[in-house]
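Just so you know, the sequences run in chain order D and R.
Position 71 (the first sequence) corresponds to 71 in the working numbering; numbering is contiguous.
Position 25 (the second sequence) corresponds to 25 in the working numbering; numbering is contiguous.
Derived from the structure by calculation, the hints contain no laboratory data.
Treat the hints loosely; a few may be bogus.
Stated by the list, open to error - Below, a sample of chain D positions facing chain R; criterion: calculated Cβ distance under 8 Å:
#1 Ser-30
#2 Tyr-32
#3 Tyr-33
#4 Phe-35
#5 Leu-47
#6 Val-48
#7 Lys-55
#8 Arg-95
#9 Asp-101
#10 Ile-103
Keep in mind the model is a prediction, meaning the values are calculated, not measured.
Positions of the beta carbon are idealized from the N, C-alpha and C atoms, including for glycine.
The lines below spell out each chain.
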Amino acid sequence: AQTVTQSQPEMSVQEAETVTLSCTYDTSESDYYLFWYKQPPSRQMILVIRQEAYKQQNATENRFSVNFQKAAKSFSLKISDSQLGDAAMYFCAYRSASGDDKIIFGKGTRLHILP
Amino acid sequence: DARVTQTPRHKVTEMGQEVTMRCQPILGHNTVFWYRQTMMQGLELLAYFRNRAPLDDSGMPKDRFSAEMPDATLATLKIQPSEPRDSAVYFCASGSTGKTYNEQFFGPGTRLTVL
């Protein structure tokens, strides 16, 4: 069974600085999708960024980018120029490309932004 | 701006009462998921539907929980009888198997408190 591990329960970063959130996953599949979701204090789950496993180019969305290392099964999220609004719980997630609709979520990393 | 809607947003009830939570998936989406989020357990998948058919409800306590999709625009999650341990935030999410990533879009959640 696939698993997603986020080893950092909490992190802090100074406003305007860059922070990287770690995520590793375990799978025997070669084709899959990876996601980062953000959950701010409002509790709304928001999709931040997504990546297809067979695409070598790392996905970017404005200040958010990923470092996808397929061989290492690592999918870290980098937030540049951190803003107060980035304070949230961040969830890494995995979905098989085999036809399973379910997404497997990690336990989350709570990110604090220090003014 | 298409989004998943959930009602009610907040519910306070007494132990033993029936609770019904409703979800309207994004128009055109054919998968619907029910999650429960607590501090202790994190995000748990309770049940999911594809094309209105229940595909997996293994995460749901069968004796008191039930999930249905009366039609493509409505999904319901019922708890009868409710217990204090059911206090949590319940999320509905929808997705489309016709899309490459088939990512899930979340509703704002129902915060349930059982006294």
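Tested hints:
no.	hint	verdict
1	Ser-30	violated (16 Å)
2	Tyr-32	violated (11 Å)
3	Tyr-33	holds (5 Å)
4	Phe-35	holds (6 Å)
5	Leu-47	holds (6 Å)
6	Val-48	violated (11 Å)
7	Lys-55	violated (11 Å)
8	Arg-95	holds (7 Å)
9	Asp-101	holds (5 Å)
10	Ile-103	holds (6 Å)
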